[in-house]
Structure formats: structure tokens, C-alpha cells
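Trainee: Next come the chains, spelled out residue by residue.
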Amino acid sequence: MRRMSSFQKLITVVVLVAALVFFMFPVVWMFLTSFKTEAEYFSYPPVFIPEDFSFRNYFNAMAFPPDGRGGIQGLRDSLIIASATTVVSVLIGSLAAYSLSRFKTGGENFSFWILSTRMFPPVAAALPLFLIFKEIKLLDSHLALIIANTVFSLPFVIWLLKGFFDELPTELEEAALIDGCSHWGAFARVALPLVTPGLVATALFSFIFAWNEFMFALLLTRRNVRTLTIIVPSLVGGHEILWGEIAAIGMVAIIPGILLALLLQRYLVRGLTMGAVKG
Amino acid sequence: MSESVSVPEREGSVEVRHAFFGRLRRRSVAILFVLPAALTLLAITIFPLIYELRLVFMSWELTTNAPPKFVGLQNLITVLFKDERFWASMRVTATLIVFGVAIQLALGTGLALLLNRLGRWRTSLVSLFLIPVMIAPVVAGFQFRMIYHDQFGPLNYLIEQVTFGHWRGFAWIADPKVALFSILMTDVWQWTPFLMLIVLAGLQSIPQELYEAAEVDGASSWQTFWRITAPLLLPVIVIGILIRAMDSFKLFDIIYLVTGGGPGNVTETISFYTYLQGFKFFSLGYTAAMAFIQLIVITVIAQIFLRFQKRGRGEI
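Line by line, the protein sequences are chains A and B. Letter by letter, the first sequence follows residues 240 to 518 of my numbering. Letter by letter, the second sequence follows residues 44 to 359 of my numbering.
Since the hints were derived computationally from the structure, they do not count as laboratory data. It should be emphasised that the depicted structure is a prediction, and the values quoted were computed from it without experimental measurement. Careful, some of the hints might be misleading.
[To be verified] What the simulated footprint calls covered on chain B by chain A, stretch by stretch (three residues with Cβ under 8 Å from a Cβ of chain A suffice, anywhere in the stretch; the number is not a length): (1) 77 to 85; (2) 100 to 110; (3) 129 to 137; (4) 277 to 289; (5) 293 to 301; (6) 315 to 322.
C-beta: ideal position from N, C-alpha, C; glycine also.
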């Protein structure tokens, strides 16, 4: 790259800092609000820095009505659903990805069919799923959301892992097969350990997508199951908004996302484009 | 003599048989591995789709207790030719896609070009920028609800400070003139970093030698940008635009949280209107008809995307 003049450097730094402020501000504002008292967040001019950083909003939020365990329940349900979705889709997805990568099963069109199921508008899937789940008495259960989320997670997992398997040289597996290893053994004991970083990245992405999912959680549940993404909007609206408490729940809800943005640096491009762009 | 001929023959047939069974085993392994995923996807996409397709031709109002009734193409005709609200929501969606993606692309490309010149700070900065993309849209919506608040929000406070008290800003969510813009900015906030990331990845994949050659040939930086950077970025940018277009077409979470489609229905997207028909008014057949129309639109965009990906493989 050409060397920058000091003027160009200055401009670059100023613009990037301004952009950083723009993109960080809403998150920082919510962080600050999560520590404010009602008098602080309903005031004009707005209070920026709360007087004390006590965790009272967090404790209140965890023990929300209707049944005194709002936040705790949300945390539990979000964890159950996101983890189960991830485990299921990585288990069956890695097998499928391996098969598509090594044996070209079903040809390119089959792979693209799998990818296209990901692009399905959720609102179009929600109505039939709702009616079917209602029929088999599955509404308002963890299983319903795990199934619904798996539809969108599975194609993502398969497609991303296929990319990782594609990059893995086949010689090692061939050697293992010649030495009398079964296809299963070549997959489980040779190929899979070699794509571990990709596998972990894929699993984490799958987790965060299920964790952030909102529409299915809204439509397929009532009282028994309430994810964090459901609790946030259910407390917004009406005349009295508990901003401090919602902000606290919001902070809990975005911590995994923030961690992953920092942890997954190397895989962000791939994960967010389903491998369409290699970073 | 006869033995010497028959032995290789037998060996050959064994080999052939071996290869045949080997291939058969390979194939069955290949299919066995794919089966769980394929069955899951079939069961939870195709089956509901068929179910929904049947609904398209029925009138089924949960609110009236009347049994479902076959009405032929009535639902589709009503949606396409009589329902102004449907077309209004399509216009809102189109506005959000066109302006949203354009702004995100412009800002994202600008940021990526700046970040690309950076040295060791780049990776950490990119991670920080990517935080909006990784957080739940409903939470992002809540953040902006606070920011947009006309009495206590920091945005109007900032406007008042900058204009020395001459102007106290907008009612960002309640004013029909600016509500759609507020939604647009929320979407821009959340997704600009995504396009920034893609463009940056594209920039880094351009071989350095091309720039060196251009410098040797005495090209100006303007020429370098338009003759080297822009054309080589194009495939990546197209993929980014298509992904964003598909996602914006489904925009729901932010609308639900920030405006609820209001005021009136100036911010009602097609996803949100479909949700209202299905889960507030319980017109199941009508909802199915709208869902199918959206499915067709998405399929068209997705096909273009897949075409691009097939062609662009190995080039990027």
C-alpha cells in the first residue's frame, strides 16, 4: 500500500473514531441504562453516567413477573434452545457436509437445494409450523423451537462445514481407508479432528443465530417457554417502561454476541456469508 | 496354458467385483451420511410447504369458527388486486431494501477502504465494528427505542445541543414523516458493518502485485481505484447486496420492537403484515397466499444469488 501523508492519516483516524462512536453508542447507552435508576433514565437533560453501578436492575430483571423468574427463565430457555439446536444441527450437519464434500452426493444441485432452504422467509414457515405443532400438541415447548430453529441452522452448518472439508486434503483419509479403516472411521477419527477449528466456529455461529432468533419464539410459545428475545419486547410498550430492567436483560442477551464477535474474528466473513466469501 | 489364461481372468473379475462393491459401499455410505440431514430438512420444509399450499386455496378464519372452505384462487386475487395494504407494505419493504442496502453499501465500502489502510489495529477494530451484527435485532430495536425517545432520548438532546436549543428534534417513532427513516437508520446501524466486512475481505484478496504494477505504470490513485479495485470488488459486493436484500425482505424484529408497524401503517413491512394477518386476524388462507407470494420473490433473489455463487467459485 502507498504510504499515507500525515493529513490522510489524520482523516482516517478521525473518521474511524467517529464511526466507532456511532456503532458503539447504542450498546454503551444500554449498558449505562442498565445501571440507572428510574429517576435517572426518565430525566431531561439525559443522565449519561449513573450515580452508582449497582446491580439492582439485574437482580430485579432476573426475578420478573409474571411468575417471579422472568429473566432466569429467559436465560434458561434461551440456553436450552440454542444449545440443543446447535448440537442437533452440528451432529447431523457434519455427516451431511462430509458426504457432500467427499462423495459429491446428489451433485451440485442437491447442495444448492440445501442452501436454499436457509433463505426461506420465516414468516412463511411460521404458519404451517404453528398449525402442525398445534395438531401434535407441541406448541409452547422447547422441542417446537428446537425443531423450527434447526430448519434454519442445519443448511448453514452443512454449507459452512462443507467448505472446511473441501479445503482438507483427502490423502490422510485415503491412507486411513487403505490401512483398513472404515468410512466412518475415516470421517470420525481422521477428518473431523482436522476440521475442529471450523467445527467450533460453525457451532458458535449456529448457537448465536438460535440465541438471537425472535419470530419463532414469538409465534410458537405462550407461557411455558419464554426466551430472552421474547422477554425484552414483552416488557416494552404500555405506559410504564422498565428501561433499567429491560436494559439489564438486553445486556445479558447480547453478551454471547459480543464475545463471539471478538472470538470469531477469523471466521466472521465466512460465517456471515455462509462461505460465499472466503475471508 | 489354460491356467495361465484363466488366472488373470479370475483376478480381473475379482478386481471388478471388488471395485463394484467398493463403489456400492461408498455410495451407500455417502447416502447414509446425508440421510439424517436430508430427511430433517424434507420433513420440516417440504411437508409444511405442501400444507401451506393447500391453505392458499382455502378460506379459513379462526375468528369465526366457520369450517375451512375451498375458494380456489380467491385469496391470491384479493391479495394481488384488491388489498392496498399489501401493496403499501410491499412499497415499505422495497424502500427499506433499496435505501437501506444503498446506504449500508456506501458507508460500508468507505469504512472498509479506510480500515484496509490500517496496520495492526485493523483486526481488533473490525471485531468491535461487528458487534451490532452479532446482537439480537430485538435488543437493537430496544436500544434505538431509548435513543429515539422524544422526551428523554439522547438523540434529541444531542440535536438540541448542536442547534443551541433552536430545535428539539423529532418524535422519531410517532411522527409518520420520519418513522420509516428511524427504522431505516436502525437497520443501517445494524448491518453496515456486515457489508464493511465483506468489502474488506474482497479488498484483501486483491493481489498486491496489481497495485505495484499500476504504480510502475504511473497510474493515478483515482485510476487505480476504478480500474483495479472496483472491478475486482464487484463480485463480492454483488454477493453482499443479495444477502442483504434477502434479509431486508424478511425484516420483522426491528419493526415489531421499534414501531409495531405504525404510526398508522407507514412502517409496516410485508413480513409484519403477514404476521398480523396470520396471528392477529387469524385469516389462515389469506396468510398462506401472502406467504407464497413472498416465497416466490425470495426464490427469485436466491436463484440469482446461487447462480452468482456457482459462477464466482474459485474466483474470489
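Trainee: Each hint needs a verdict: does it hold in this structure or not?
Mentor: Consistency of the hints with the structure:
Coverage of a stretch by a chain is defined here by at least three residues with a beta carbon nearer than 8 Å to that chain's beta carbons; for the segment 77 to 85 of chain B and chain A the count is 6, and the condition holds. Taking a C-beta to C-beta cut-off of 8 Å, the segment 100 to 110 of chain B contributes 0 residues in contact with chain A, too few for the three needed, and the coverage statement is violated. For the segment 129 to 137 of chain B, the proposed coverage by chain A is not satisfied: 0 residues have a C-beta within less than 8 Å of a C-beta in that chain, short of the threshold of three. Given as covered by chain A, the segment 277 to 289 of chain B passes the check, having 5 residues with a CB less than 8 Å from a CB of that chain where 3 are the minimum.
Only residues whose C-beta sits within less than 8 Å of a C-beta in chain A count toward coverage, and the segment 293 to 301 of chain B has 5 of them, enough to reach three; the restraint holds. A count of 4 residues in the segment 315 to 322 of chain B with a Cβ less than 8 Å from any Cβ of chain A is obtained; the coverage claim is therefore met, three being the minimum.
Consistency note: the structure conflicts with the earlier hints numbered 2 and 3.
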